[in-house]
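My numbering puts the first residue of the sequence shown at 1, with every later residue one more than the last.
For the record, the hints were derived by calculation from the structure and aren't laboratory data. A portion of the hints provided could be inaccurate.
Pairwise CB distance ranges, derived in the manner of DEER restraints [stated by the list, open to error]: (1) Ser60 / Ile128: 17 to 23 Å; (2) Ala95 / Thr2: 18 to 24 Å; (3) Ser117 / Thr2: 22 to 28 Å; (4) Phe104 / Pro57: 23 to 29 Å; (5) Gln127 / Met1: 37 to 43 Å; (6) Pro91 / Ser60: 19 to 25 Å; (7) Thr2 / Glu51: 29 to 35 Å; (8) Asp31 / Gly94: 34 to 40 Å; (9) Asp31 / Arg96: 33 to 39 Å.
In this text, a Cβ means the ideal position worked out from N, Cα and C, and glycines have one as well.
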Amino acid sequence: MTRDRIRELYRGYIACLNAQDWDALQQHVADGVEYNGAAIGLDGYRGMLVEDFRAIPDLSFNIAMLSCDPPVIASRLAFDCTPVGQLFGLPVNGARIRFTENVFYEYHDDRIRRVWSVIDKASVAEQI
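Generate the whole structure from the sequences, applying the supplied hints.
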């Protein structure tokens, strides 16, 4: 896998998320995907994303930084949004917040097989 190919795949994945095209998610994410060391599978991963959009109706994944060493790609995602209720156990309740997520993805057969994510929850707490 080349750097150009993994970047292309990843940008397609982000576009799929932002379009909430859950039927197409299987084109980007492997059936046996792992998230932060837990085997959650494609259905669990999809459910996690659907819940994210339920909690944050104006959610948009924005790539702030991208680095890759195939088969791994690392991204810093930036969020500027208004969650409707609680987020990360914090009572955001419609306040506009900004936060980032640092995430690594490992690809296998052109699909995401493993994800390691760290969300800056402290910055959310500081804003409410």
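Numbers of the earlier hints that this structure fails to satisfy, in rising order
Of the numbered hints given earlier, the structure breaks just one, which is hint 2.
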